[in-house]
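Engineer: Sequence:
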Amino acid sequence: MNKNINILNISTSKINLLDLNRQDLRCFLISLGAKNFCTDQIMNWIYNYYCNDFNKMFNISKKIRNQLYEKSHIFASKFIEEKVSYDGTIKWITSIHNQKIETVYIPEKKRSTLCVSSQIGCALKCHFCATGQAGFQRNLKVSEIIAQVWRANKTLKEKKIANGVTNIVFMGMGEPLLNLNNVVSALKIILDKNGFGLSKRRITLSTSGIVPALDKLRHMIDVSLAISLHAPNDSIRNCIMPINKKYNISSVLNSTLKYLKYSNANRGGVTIEYVMLDGVNDSNENAQQLASLLSRIPSKINLIPWNSFLGSSFLSSSMNRINIFANILRKKGFTAMIRKNRGDDIHAACGQLTGNITNRSKK
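Numbering of the sequence shown is given in numbering that gives the first Met the number 0, commencing with residue 0 and proceeding in unit increments.
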């Protein structure tokens, strides 16, 4: 059972069932005297019917419903603010004890992607990222991660915007691998056929490369992996990503190769994320170095025009420079994509999430 859940202490506080993956929920229900099949029934009510009222779960015995009501609840924090971009991107904010969680919905023609947060703030302090510069507050609970998906799906269906989220990326606020146990437990719910039921290939976990956690991850769960690399050598990465001084590029890529060896979700290789910073990491030489660095890593490269934020001195590489950089990689045999900026007008683009919906970009 998840160490954050203590079912022996249910007399003093109610358990949020969104904190429990299948294994945890089964243990809790058995403690109430319920049969094994009750786990599937309750998960189906929560994640397929978005039901948070035990009285409406008509196929659960009244005795079990009464115990559930006494000892647990289903609580997904509501979105307190919503901002819609000109391109259809939606940013939602949840407030818990005056701490803000940001979630971003990105609609596309053939899929709809939800970018979820795993922490409030971020401890890594990457210089080009507003979230890192805002500082770290705390890890999110399993229920606070799951609530973002639960509330987004419910909102989208109620507003008839879409039939629900088809893809989930852990690319919001925070470093997922610094909240490893809660993120993995949330992923189990997202993957569960009676949870959100998404395929492992439709879930992407993005990490800056917390090597010990990445080494553990391959034994815990299999999802698509994205590595926030952002530099072709340690010299540049040390300057823009302080975490590189602890886990350098070589150690991160070695750990990535180990993950790929055991992964079915990453058959096409890992995604390498590379933010394009004018005069910092975007030269022709840098492109050549990146190609050499990744020569042994099955990968596709996602080039990300840098998104501005107040107080930063960085500039984004020009589109001409990004295209030249991409073409060098393509000639070396790599798949190099240029990410479209989505939601930058509402401060919802990559690297802009701070928990403040009224923030404005540096112009």
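Hints listed in this document are in silico derivations from the structure and should not be mistaken for laboratory results.
Ideal Cβ positions, reconstructed from N, Cα and C, are used throughout, including at glycine.
A portion of the hints provided could be inaccurate.
Below are the EDC-like pairs computed for lysine to aspartate or glutamate, each with C-alpha atoms no more than 16 Å apart in a straight line [claimed, not checked]: (1) Lys13 <-> Glu69; (2) Lys99 <-> Glu69; (3) Lys77 <-> Glu157; (4) Lys70 <-> Asp86; (5) Lys153 <-> Asp52; (6) Lys339 <-> Glu81; (7) Lys13 <-> Asp39; (8) Lys260 <-> Asp221; (9) Lys99 <-> Glu81; (10) Lys82 <-> Glu284; (11) Lys245 <-> Asp233; (12) Lys257 <-> Asp191; (13) Lys108 <-> Glu81; (14) Lys299 <-> Glu272; (15) Lys257 <-> Glu284; (16) Lys331 <-> Glu284.
So the derived label-pair ranges between C-beta atoms look like this [to be verified]: (17) Ser291 <-> Leu314: 32 to 42 Å; (18) Gly267 <-> Gln22: 24 to 34 Å; (19) Phe57 <-> Asp344: 39 to 49 Å; (20) Tyr261 <-> Lys339: 27 to 37 Å; (21) His96 <-> Asn58: 34 to 44 Å; (22) Lys61 <-> Tyr261: 37 to 47 Å; (23) Lys158 <-> Cys26: 31 to 41 Å; (24) His218 <-> Ile29: 20 to 30 Å; (25) Gln136 <-> Lys61: 22 to 32 Å; (26) Met336 <-> Phe57: 44 to 54 Å; (27) Lys55 <-> Asn232: 51 to 61 Å.
Engineer: Decide, hint by hint, whether the structure agrees.
Structural biologist: Do the hints match the structure? See the list:
1. Lys13 <-> Glu69: At roughly 8 Å apart (the allowed maximum being 16 Å), Glu69 and Lys13 satisfy the hint.
2. Lys99 <-> Glu69: Distance of about 29 Å is beyond 16 Å: violated.
3. Lys77 <-> Glu157: 14 Å, holds
4. Lys70 <-> Asp86: 44 Å, violated
5. Lys153 <-> Asp52: Cα-Cα ~15 Å, so holds.
6. Lys339 <-> Glu81: 22 Å, violated
7. Lys13 <-> Asp39: Violated, because 21 Å separates the two Cα atoms, which is more than 16 Å.
8. Lys260 <-> Asp221: 11 Å, holds
9. Lys99 <-> Glu81: 13 Å, holds
10. Lys82 <-> Glu284: 40 Å, violated
11. Lys245 <-> Asp233: At roughly 11 Å apart (the allowed maximum being 16 Å), Asp233 and Lys245 satisfy the hint.
12. Lys257 <-> Asp191: The hint is violated at about 25 Å.
13. Lys108 <-> Glu81: Given pair Lys108, Glu81 is violated - Cα atoms ~22 Å apart, limit 16 Å.
14. Lys299 <-> Glu272: Holds, at roughly 9 Å.
15. Lys257 <-> Glu284: The given pair, whose Cα atoms are some 28 Å apart, is violated under the 16 Å limit.
16. Lys331 <-> Glu284: 13 Å, holds
17. Ser291 <-> Leu314: 32 to 42 Å: Check failed, 26 Å falls outside 32 to 42 Å.
18. Gly267 <-> Gln22: 24 to 34 Å: 30 Å, holds
19. Phe57 <-> Asp344: 39 to 49 Å: Between Phe57 and Asp344, where Cβ atoms are some 46 Å apart, the hint holds.
20. Tyr261 <-> Lys339: 27 to 37 Å: Holds: the Cβ-Cβ distance is about 32 Å, inside 27 to 37 Å.
21. His96 <-> Asn58: 34 to 44 Å: Check passed, 36 Å falls within 34 to 44 Å.
22. Lys61 <-> Tyr261: 37 to 47 Å: For Tyr261 against Lys61, whose Cβ atoms are near 46 Å apart, the range 37 to 47 Å holds.
23. Lys158 <-> Cys26: 31 to 41 Å: Given about 36 Å between the Cβ atoms, the range holds.
24. His218 <-> Ile29: 20 to 30 Å: Since the Cβ atoms of His218 and Ile29 sit about 26 Å apart, the hinted range of 20 to 30 Å holds.
25. Gln136 <-> Lys61: 22 to 32 Å: 42 Å, violated
26. Met336 <-> Phe57: 44 to 54 Å: 48 Å, holds
27. Lys55 <-> Asn232: 51 to 61 Å: 58 Å, holds
Comparing the model with each earlier hint shows violations of hints 2, 4, 6, 7, 10, 12, 13, 15, 17, 25; every other hint is respected.
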